[in-house]
Structures are given as structure tokens and as C-alpha cells.
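Asker: The chain contents come next:
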Amino acid sequence: MNFLELTKVDMEFPTPKGTFKALDCVDLNIAEGEFVSLIGHSGCGKSTVLNIVAGLYEATKGGVILEGKEVNEPGPERAVVFQNHSLLPWLTAYQNVELAVNTVFSKTKSKAEIKDWIEHNLELVHMSHAMHKRPDEISGGMKQRVGIARALAMQPKVLLMDEPFGALDALTRAHLQDSVMEIQNKLGNTIIMITHDVDEAVLLSDRIVMMTNGPAATIGEILKVELERPRDRLALADNPEYNHYRSEVLRFLYEKQRKVEPISSAKKESGDKESKVA
Amino acid sequence: MSISAVLQQPLKPFIKIAKEGVSKDDAVSLFKALSLPILGLAIFLLLWQVAAQNIVTSLGNFPGPGEVYNQASNLVEEHRVEREAVQKKYERQRERNEKKLAKNPDAQVKWREYKSRITFFDQIGTSLITVLCGFILASLIAIPIGIVIGLSASSYQAINPIIQILKPVSPLAWLPLVTMVVSAVYVSDDPAFSKSFIVSMITVSLCCLWPTMINTAVGVAGVSQDLLNVSKVLRLNWFTHVKKIVLPSAIPLMFTGLRLSLGIAWMVLIAAEMLAQNPGLGKFVWDEFQNGSSNSLGRIMVAILVIGFIGFILDRLMLMLQKIVNWDKNAVVR
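Chains as they are written, first to last, in numbering that gives the first Met the number 0: chain A, 0 to 277; chain B, 0 to 333.
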């Protein structure tokens, strides 16, 4: 039995112009401790897959099974790191993590244990120095670190990351990628990450799931990345294997699933996306 | 921001000058900050004076600034005299009783209470108490309802038409109904509050419910989807969800509503007091109008200025409260 199974997942959104089929028959099995990236052009339904695993959306057909149990609502065992951090702006970093820890561990941990656990998780993401600052007092990268700490602190079975570093500058992004690798190395989390960034996908993942273009997107290819861990970005830069993986992904994105669209239809698609949200 | 910091804020330029002495820039900005309002005020007083001289009523000329100043001093003087008179009565009673007791230690002595006549300043106090009670009652009703209809779109659709119809109703229309209902329901031999107080308070509440209710609902409904997702992933229970996520997001709009409500409450109060004869500023204005002495217009004008000034202070107090409660200390509130 697989740790996490997505079986024949279809997703349709009702729109004023009829139903919009976002996903078509997405099949994916993920082992415990695996790091899987979802990559694809924007609008291909990567986020939809993640939201279905998170339980925020319910698949129209098919379903998700985690450790033998069906996923049908959101919950802390599938913690999400949101793209724009989604910290509560009125709480400090500590209090943001505390809110998560209190809801998950209020019955099993004592007050002192809870405090230690919050501090431990902020330490993991190197945020101990600013744990009593509010989100508007820290940088974007630091906010995302706190977002990761909040998700880790729930001790999730699967950690879901929705373009976690998309909004950050390249240097900060590299730092955070290193942190995530370090943490995963230490804790062995199962992680699903959405990304646009080919280097990021190759550097972090055990497998890269490449999605075809929407509508009715599905999994195009799955690339197994067999680079030894711990991985070092500098050493890998000249590694032929690394570059091979990189070009595989690039070839998929820019040859096989090349996205050439007239501007008007791109507009239409973004309109569809909006109506999905509403 | 601490309370003391909020209180100091309007005085900041002066504190800076006191600490560092006056630089040239400070002097210019201070000059502007002081001179322009004074200039405006001077022009206003001048126009008022000219207009007043040309408006003749059956009670004499319309009161100009000088007359209003005189009447204001009269009102202060009346208050002082009245309080002194009561004080003297108490002193005389004490002397009388002491003499009695000196003659015969077992004598029965009476201690009477003397009430002073209600002065202008007592009326200001009554008005303030009434408006605050009415406002607090309205907030206690409006905020919970606002939260409920903000959280559930169906309940909003159900309640919205009622809100929209009741919102524009004038206090004067409510008053007869409220009076009759209070007379029927509030029956007690030894009432803790006078009926006129209850009537005014309820009328104020009915009229100032709406801005708080609507703004709270809008604020609650406008919580960002990201934060709602966080709440779902954490499986927060309803109470924690409201306390930790909904209310903090809604606070800025809630306060906008509360400030509008307090402004309306103060306006409505004067009308309600006139008709309900609650011994506050509204009754003062009404009594002076009925009185029709040559001083009446001036005294009414004093009341008008006091009403305006108190309304301004109330708004500033709400603003200060908002700054203390709001989590976003960088928010510009004005």
C-alpha cells in the first residue's frame, strides 16, 4: 500500500459558460519520506492538485487516500505552506506558530512542552532571533520561514507547499531551499511542492511530476531524480547528471508542452481562473 | 502603541520643541499650524457678528459672539451660585444639629438631603450618560448580529432588507412608540432610572445600531481567503476562528462603524431629549425655547456650541480607542 494515493482525480469547476474541466484523471502514488515536485505552466492545475490533497477542494471524481484513509476535509496532518505566507498579521511569529500548535497538541502536550515545541520549530527555520516580531516587521523570506515553521509544527504526515518561494528574490530563495533540504534531511518529511522553477525542482526533489497544459490537465511525465543527498547547489552546478535532469524538465516544458497562446485566449483563461476563485 | 503614547500624539510638535528648542522650520510650521485656524475662526466670528446684527427675532437680535460669551459666563455663574446655596444649607443644618446635640445629647436630630436645582452642567452630564448607555446598548446588539450576518451569506440576505428599511428611520418617528412601550413595560414603584432616561436611551440605540452592524458585517465578510484557508487547515473551532481570525481582520471597519454610530447617537440624543423631556441638553434647548426670555437665544447658542464640542471630543476618544485596539499600528486613522 502506498503512503499517499491520488486515484483517477478529475476536477471540474462550474463557470457561467458551463463546466471547466481543470484536471483529468490524475494518478499519483507517493511514498513516505518522498519529496515530490509538481511542475508545469501556469494555469495547468498544479494548485488544484495541491488543494485537493489539502482537502480545500473536493475532487469531482476519484479521490485521495492518505495512510489508508480517505481525505475529505482540510486538516493539520496535511499542513500547507501558502504562497504568500498567510501569517496572521496581528500575531507575532511565535503566536502564529502557537495558534497551530495549540489546536493540534492542546490535549497531548503540557504548556511547557508546547512552548519548547514552538521554539524548537522556529529554531529549525532559523527564526529564533525574531520570534516576537509581527509579520510586518520582518522580511518576505523571514515570513515564509515562519510559514514553514507553522506547518512543520503541526507535525504533518504530508507537507504541502504551494510555490513557497515564488515571491522571493533569488538569494533568499536559495537560502530557504537549503533550509528546506536541511529540515527534510533531519525529519524525513513527505513533501509535495509546487514550483515554476526548474532548478528548484531538480535540486530538491526525489521525483518531478510534470503536468500537461490545461484545460483537462493531467500528468505528462514523471522524472526520477537520483542525485545523492545531501545535495549541494555549487557542486551540482557542473554535475552532468544534474544538467541532464534539468534539460529533461526543460524539454518537457518548452518542447512537448510548449505553451503558445494568443493574448485573447490567455485573457479568457485568467477570467476562468477568477470565476473559479469566486 | 501604549495609551500614553496615543495621548501624547497631538502634542508631539510641542514636546519636540520643548526638548530641542525651536528651529526655523519648526517655527514656520508652528506659525502655520496656529495662525491659519485662528484666522479662520476670526473670519467666522466676524461674519457671525455681522449676520447676528441683521437678524431680528421676536426675542431680540440673533445672539452674536459677545452675547453668547456673556450667556456662557452666566451659566457658569448660575451653576456656582446653585452649588454654593446647597453647600450653605448643609452647613446651616450641621450647625443647627450640633447646637441641639450640645444642649441635649439624646435629642433626635434630622439630617435632610438638599438637592440643587438642575444646572446646565448637570444637564451636560445627563446627556453624556444617556448617550453612552444608548451607544453601549446598541453596540452590544449590533456587533454580535454583524458578526453573524457577516459570517453567513444566507443570514445576511435574510436580514439585509430589514436593516435597509429600519436604517433611515428618524428618531422622532420611533419616539412615540418607545414612550408608550416603556410606559407599559417599565413599571416600578421605585425606579432606578427615570422613564425619560430609558426612552431617550432606547431611541438613541435604535437609531445608532445600523452603521456598527453593517460595517461589522462587511468587515467580517471581507476576511481574506488565505486566512480562511489557514483556519480550515488548522480546523479551528468556531469560537477560536472568530476570535483569532475574523475579529482582528474586522476591527478597522468595526471601528469605522462605531464612530459613525456614536456620531449619530449624539445627534439623535438631542432630539430624543427634547421630546422625552430627559433632563439633558435637549431639554435645556427646548426649555429655553419655551421660556422665550431675551437671554434664551444666547443660551441656546451656548448649548449648540457645547453640543458640537462634545460631539468632536467623543469622536476623538473613539479614534484614540481605535488606535489602542487596532493591531495595525501603521494604519492611518483619521
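Please keep in mind that the hints were generated in silico from the structure rather than gathered at the bench. The reader is advised that the hints may include incorrect statements.
Unchecked claim - Straight line, CA to CA, 25 Å or less: simulated DSS-like cross-link-like pairs of lysine-lysine:
1. A/Lys110 / B/Lys231
2. B/Lys242 / A/Lys114
3. A/Lys106 / B/Lys231
4. A/Lys132 / B/Lys87
5. B/Lys87 / B/Lys98
6. B/Lys231 / A/Lys68
7. A/Lys132 / B/Lys88
8. B/Lys242 / A/Lys110
9. B/Lys88 / B/Lys109
10. A/Lys108 / B/Lys87
11. B/Lys242 / A/Lys106
12. A/Lys258 / A/Lys223
13. B/Lys109 / A/Lys60
14. B/Lys231 / A/Lys156
15. B/Lys98 / A/Lys108
16. A/Lys114 / B/Lys88
Asker: Hint by hint, say whether it matches the structure.
Answerer: Hints, verified against the model:
1. Straight-line distance between C-alpha atoms of A/Lys110 and B/Lys231 comes to about 24 Å, which keeps the hinted pair within the 25 Å bound.
2. At roughly 21 Å between alpha-carbon atoms, B/Lys242 and A/Lys114 fall within 25 Å of each other, so this suggested pair holds.
3. Restraint check: the Cα-Cα separation between A/Lys106 and B/Lys231 comes to about 19 Å, which is no more than 25 Å; the hinted pair holds.
4. In summary, the hint linking A/Lys132 to B/Lys87 is not supported, as the alpha carbons are separated by about 61 Å, beyond the 25 Å threshold.
5. A C-alpha spacing of about 16 Å is found between B/Lys87 and B/Lys98, which places the hinted pair at or below 25 Å, so the restraint holds.
6. With a CA separation close to 19 Å, the supplied pair B/Lys231 and A/Lys68 stays within the 25 Å bound.
7. With a C-alpha separation of about 63 Å, the suggested pairing of A/Lys132 with B/Lys88 is violated against the 25 Å cut-off.
8. For a cut-off of 25 Å, the pair hint linking B/Lys242 to A/Lys110 stands: about 21 Å separates their Cα positions.
9. As the CA atoms of B/Lys88 and B/Lys109 are separated by approximately 13 Å, the hinted pair is consistent with the 25 Å bound.
10. For the hint linking A/Lys108 to B/Lys87, the alpha-carbon distance of about 70 Å lies beyond 25 Å, and the restraint is violated.
11. With a CA separation close to 20 Å, the supplied pair B/Lys242 and A/Lys106 stays within the 25 Å bound.
12. Restraint check for A/Lys258 and A/Lys223: the C-alpha separation of about 24 Å stays at or below 25 Å, so the hint holds.
13. Pair hint B/Lys109 plus A/Lys60 does not hold up; C-alpha atoms about 91 Å apart against a cutoff of 25 Å.
14. A distance of roughly 17 Å separates the Cα atoms of B/Lys231 and A/Lys156; the hinted pair therefore holds under the 25 Å criterion.
15. Between B/Lys98 and A/Lys108 the CA atoms are separated by roughly 75 Å; this puts the pair beyond 25 Å, and the hint is violated.
16. Using a Cα cut-off of 25 Å, the hinted pair A/Lys114 and B/Lys88 is violated, with the two alpha carbons roughly 66 Å apart.
Hints 4, 7, 10, 13, 15 and 16 from the list above are not met by this structure, while the remaining hints are.
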